[in-house]
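Protein sequence lines correspond, in order, to chains A and B. Residue numbers for the first sequence follow our numbering, so the first one is 1 and each next one is one higher. Residue numbers for the second sequence follow our numbering, so the first one is 1001 and each next one is one higher.
Derived by calculation from the structure, the hints in this document are not laboratory data. The reader is advised that the hints may include incorrect statements.
[Claimed, not checked] Computed, partial: chain A to chain B, Cβ under 8 Å:
| hint | residue |
| --- | --- |
| 1 | Ala-48 |
| 2 | Ile-51 |
| 3 | Ser-85 |
| 4 | Leu-88 |
| 5 | Phe-90 |
| 6 | His-179 |
[Claimed, not checked] According to the in silico footprint, chain B covers these stretches of chain A (three or more CB under 8 Å from chain B):
| hint | stretch |
| --- | --- |
| 7 | 15 to 28 |
| 8 | 64 to 71 |
[As the list claims (entries may be wrong)] Here are the computed distance ranges between Cβ atoms for each label pair:
| hint | chain 1 | residue 1 | chain 2 | residue 2 | range |
| --- | --- | --- | --- | --- | --- |
| 9 | B | Ala-1311 | A | Ala-150 | 31 to 37 Å |
| 10 | A | Glu-6 | B | Phe-1134 | 34 to 40 Å |
| 11 | A | Gln-82 | B | Val-1308 | 33 to 39 Å |
| 12 | A | Gln-82 | B | Ile-1259 | 30 to 36 Å |
| 13 | B | Ile-1187 | A | Ala-150 | 37 to 43 Å |
| 14 | A | Gly-13 | B | Phe-1134 | 56 to 62 Å |
| 15 | A | His-64 | B | Phe-1258 | 41 to 47 Å |
Predicted model only: the values in this text are computed from it and were never measured. Here a beta-carbon is modelled for each residue, glycine too, at the ideal position from N, C-alpha and C.
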Amino acid sequence: MITIDEITIVRDGREIIYDYSEQIPAGSITVIVGANGCGKSTLLAAIAGDIAPVKGTITIDDVHPILTSPAQLAQIRAVAIQNQSYTLGFTVQQVIEMAGASVQVMQALELTDLAHRQVTALSGGETARVSIATAIAQDTPVLLLDEPLAAQDIHSRKRIIELLQKLAEGGKTIVVVAHSSESELSWADKVIKQFH
Amino acid sequence: MKKTAPIVLLIVAAVAAMSVGSSQVDDFWSALLNPGSNEIVWQIRFPRVMAAVIVGAALGIAGLMAQGACNNAIAEPAILGTAAGASFGAVAGIATGLVQVGSLAALTFGTAGALLATSITFKLAALRGALSSFNLIIVGIAVSAIFTSLVGITSAVLNRADARSISFWSLGSLALVTNENLLGLIITTLAGGVIAWFIAPMLDRLSLGDHSAFHLGVNVPRVRLLALISLSLLAGGAVSTVGVIAFIGLAAPHIARFIYGPSHRALTIHSAIIGAFIVLVADTLARTIAQPNELPIGLATALIGAPVLIALVSVKNNVWRTQ
Chain A
1 MITIDEITIV RDGREIIYDY SEQIPAGSIT VIVGANGCGK STLLAAIAGD IAPVKGTITI
61 DDVHPILTSP AQLAQIRAVA IQNQSYTLGF TVQQVIEMAG ASVQVMQALE LTDLAHRQVT
121 ALSGGETARV SIATAIAQDT PVLLLDEPLA AQDIHSRKRI IELLQKLAEG GKTIVVVAHS
181 SESELSWADK VIKQFH
Chain B
1001 MKKTAPIVLL IVAAVAAMSV GSSQVDDFWS ALLNPGSNEI VWQIRFPRVM AAVIVGAALG
1061 IAGLMAQGAC NNAIAEPAIL GTAAGASFGA VAGIATGLVQ VGSLAALTFG TAGALLATSI
1121 TFKLAALRGA LSSFNLIIVG IAVSAIFTSL VGITSAVLNR ADARSISFWS LGSLALVTNE
1181 NLLGLIITTL AGGVIAWFIA PMLDRLSLGD HSAFHLGVNV PRVRLLALIS LSLLAGGAVS
1241 TVGVIAFIGL AAPHIARFIY GPSHRALTIH SAIIGAFIVL VADTLARTIA QPNELPIGLA
1301 TALIGAPVLI ALVSVKNNVW RTQ
């Protein structure tokens, strides 16, 4: 369970999130939706421990991400950021194995044929799938994904959603930032729209 | 073959380097196979060949640490201010009369100067929050210019003999290497190399960006600090012993990456071997090509390293995406 308790987040002098509380249940898929610039990615980054609220607390079970060491935090949550870019020519398999076992997750996300391709030579959609695969390979109880469906075709979106549902059934807590309208979110267990 | 070729080439180059010089050695192979039997081969050429190998290895790994810590293709000790800081440290020690050119104490001062200048670069680059690669390079060039200027000013107040030695040393030369500073060089290179080997897997993750590295459990500031210490030990030790040798820190890791891929642990070994090979060949050319005169080694290494820099920005590749 992720508990967000009366948090306020300020970035570049601007109040992005104000006095917001929420509970995200374990073993479910929660989708955060909203217009550009409304603070969806900021909320995800705060749960990930990337940024600290100026007021209030966030806990994953009883752990405060912002007070936890990077190594311990990496055992609790994994993150796929939006617009991941790669500078060095590691192969797809090498990048995923920086997080954990690669074979199963590459099969699930149809990356097996790209296993030995350099990540610097991938398309936008392929790059995003490698980023998602890396987060899943980390095998943590909480999975945080920022716009994982944005650069995907219909077939890949379906594969990713099916995989996330399977992982949630297995007990993982999944939080996804998405641009979709609510009618397209039947696969989510919970949708968060208002967090100001 | 790909794995063993550079080490075989290095051994061949080392033997060739010991066979040539201003004096003719009768029955070279017999002298080579009987260590200590020939003074020219074992007392003069062998320490110099050893110094070239160790300095090259140190600068190769130093470049790898600079590029890995900054996640930037053109980072190297000369660009981050490390080399200029090492020069300043050594020259300041000499100017204050505390140390002599080429002594073990000069190496200590040089390493401290390298650490100081690199720390200033990293600190100033992070003044406005997150440490960006772009800021690191711009601030590094500025810090380098300041320390280079301080070296010039400090040299101006020295007596003529010291100033001449410093002038020769600052252009890069292995001619002044003694057994004493060879020992210091081995210590700083081993210490820097061990740190590099230890943090190599973390640098692999750092190449995914600071945020992604943090998400994978990397303590980014700590890894950067360790890379900075390794870089300062390696480049500080090398520069304070033989002066500034350009482009090795830039060229060796890139050549190694093109051949062996981006994994930092493998690159720690291969950048060292390739750096050692380039410095050895450059030094052998520098001391034989214009006999009886000796050229600064930096002239030869620039001819090898500069094309690598040009190729990096002009040739599209997937080894390191620069655009």
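Hint by hint, here is what the structure shows:
At its closest, the beta carbon of A:Ala-48 sits 7 Å from a beta carbon of chain B; the interface hint therefore holds under the 8 Å criterion. Hint status for A:Ile-51: violated, given a least beta-carbon distance of 10 Å to chain B, over 8 Å. Given the 8 Å rule on beta carbons, the hint for A:Ser-85 holds: about 7 Å separates it from the nearest Cβ of chain B. With 8 Å as the threshold, the beta carbon of A:Leu-88 comes within range of chain B, its nearest partner Cβ sitting at about 4 Å, so the hint holds.
Evaluation of the A:Phe-90 hint against chain B yields a held restraint, the C-beta minimum of about 5 Å falling below 8 Å. For A:His-179, the interface hint is violated, since its Cβ never comes within 8 Å of a Cβ in chain B; the closest pair sits about 20 Å apart. Taking a C-beta to C-beta cut-off of 8 Å, the stretch 15 to 28 of chain A contributes 0 residues in contact with chain B, too few for the three needed, and the coverage statement is violated. Counting residues of the stretch 64 to 71 of chain A whose beta-carbon sits less than 8 Å from any beta-carbon of chain B gives 3, enough to reach three: the coverage restraint holds.
At roughly 35 Å, the beta carbons of B:Ala-1311 and A:Ala-150 sit within the given window of 31 to 37 Å. Between A:Glu-6 and B:Phe-1134 the beta carbons are some 38 Å apart, a value that agrees with the proposed interval 34 to 40 Å. Look at A:Gln-82 against B:Val-1308: about 34 Å separates their beta carbons, and that is inside 33 to 39 Å. At about 34 Å, the CB distance of A:Gln-82 to B:Ile-1259 agrees with the hint of 30 to 36 Å.
The beta-carbon spacing between B:Ile-1187 and A:Ala-150, approximately 52 Å, falls outside the hinted interval of 37 to 43 Å. Take A:Gly-13 and B:Phe-1134: their Cβ atoms lie about 23 Å apart, and the range 56 to 62 Å is violated. Between A:His-64 and B:Phe-1258 the beta carbon distance is about 45 Å. The supplied range of 41 to 47 Å therefore holds.
When each numbered hint is compared with the structure, violations occur for hints 2, 6, 7, 13 and 14.
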